[in-house]
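Undergrad: If you count by numbering that gives the first Met the number 0, then the sequence shown holds residues 0 to 180, one letter each, in order.
Rather than coming from a laboratory, the hints here were simulated on the basis of the structure.
It should be emphasised that the depicted structure is a prediction, and the values quoted were computed from it without experimental measurement.
The beta-carbon is built from N, C-alpha and C at its ideal position, and this holds for glycine as well.
Hints are supplied without guarantee of correctness; some may be wrong.
To be verified - Computed spacing ranges between beta-carbons, pair by pair:
{"no.": "1", "residue 1": "Ser118", "residue 2": "Gly89", "range": "34 to 44 Å"}
{"no.": "2", "residue 1": "Val122", "residue 2": "Gly56", "range": "55 to 65 Å"}
{"no.": "3", "residue 1": "Asp72", "residue 2": "Gly139", "range": "41 to 51 Å"}
{"no.": "4", "residue 1": "Ala47", "residue 2": "Leu145", "range": "34 to 44 Å"}
{"no.": "5", "residue 1": "Ala47", "residue 2": "Asp81", "range": "24 to 34 Å"}
{"no.": "6", "residue 1": "Gln13", "residue 2": "Ser118", "range": "15 to 25 Å"}
{"no.": "7", "residue 1": "Asp88", "residue 2": "Asp140", "range": "11 to 21 Å"}
{"no.": "8", "residue 1": "Arg171", "residue 2": "Asp128", "range": "31 to 41 Å"}
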Amino acid sequence: MSEDASDRRGFFRQFLKRVVDPAAAYAEKHLPQPGAHLRPPGALPASAFQDTCRRCGQCAEVCPADAIKHHTDGTPYIDPADQPCVACDGLRCMAACPSGALQPTPLEQIRIGLASVSSDICVRHRGDDCRVCLDNCPLGDKALILNDAGAVVVLTDGCIGCGVCQWTCPTRPEAIAVQPL
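Take the sequences, apply the hints, and build the full model.
TA: This is the structure we're talking about:
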């Protein structure tokens, strides 16, 4: 093999590594990964959900917020950065599910995920009087409060993980984010 061919291969390897690796990292971070996203309200535990869900799309069809999307495997998920669950009256997605993968669950018992606050990003920690997450949370002070120091605190027993706080947060990246349980 000539030295030119070897150099050319090395050049293309380096080029692809510099282009493909960042693209793959971006896709992994921004595209829904199996098991790494929020399921609609009332979802069964992960393995039972995967086995029970018919992938029919009825939950997404009735969602008034258009929050329920479909993963590449056909199962429904919610990405609060795109559109959160608004905990609508009647929680229509659960009632529409024909397979039982989404079980009717009282609002206060729903656990889609859990919000967490990054104090290094939250503008309240810099002294700004931002209340956007508090004012928009559908569960109000059952899920989010201010502590004595004025910092936003997530109440783990009250947060349903709907993602409204994350979606309305004015900072980029968001100072409050919901993670799957």
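Undergrad: Given the range 55 to 65 Å, decide if the beta-carbon distance of Val122 to Gly56 lies inside it.
TA: 39 Å, violated
Undergrad: Given the range 34 to 44 Å, decide if the beta-carbon distance of Ser118 to Gly89 lies inside it.
TA: Since Ser118 and Gly89 have Cβ atoms about 36 Å apart, the given range 34 to 44 Å holds.
Undergrad: Given a hint of 31 to 41 Å, does the C-beta separation of Arg171 and Asp128 actually sit inside it?
TA: Given range 31 to 41 Å: violated, Cβ gap about 19 Å.
Undergrad: Return holds or violated for the Cβ distance of Asp88 and Asp140 against the range 11 to 21 Å.
TA: 20 Å, holds
Undergrad: Cβ-Cβ distance between Asp72 and Gly139: within 41 to 51 Å?
TA: Check failed, 35 Å falls outside 41 to 51 Å.
Undergrad: Does the Cβ pair Ala47, Leu145 satisfy 34 to 44 Å?
TA: 38 Å, holds
Undergrad: Given the range 24 to 34 Å, decide if the beta-carbon distance of Ala47 to Asp81 lies inside it.
TA: Holds - the Cβ-Cβ distance for Ala47 and Asp81, about 26 Å, lies within 24 to 34 Å.
Undergrad: Please test the hint of 15 to 25 Å on the beta carbon pair from Gln13 and Ser118.
TA: Once the Cβ atoms are compared, 40 Å apart, the range 15 to 25 Å for Ser118 and Gln13 is violated.
The structure does not agree with the numbered hints 2, 3, 6, 8 stated previously, though it agrees with the rest.
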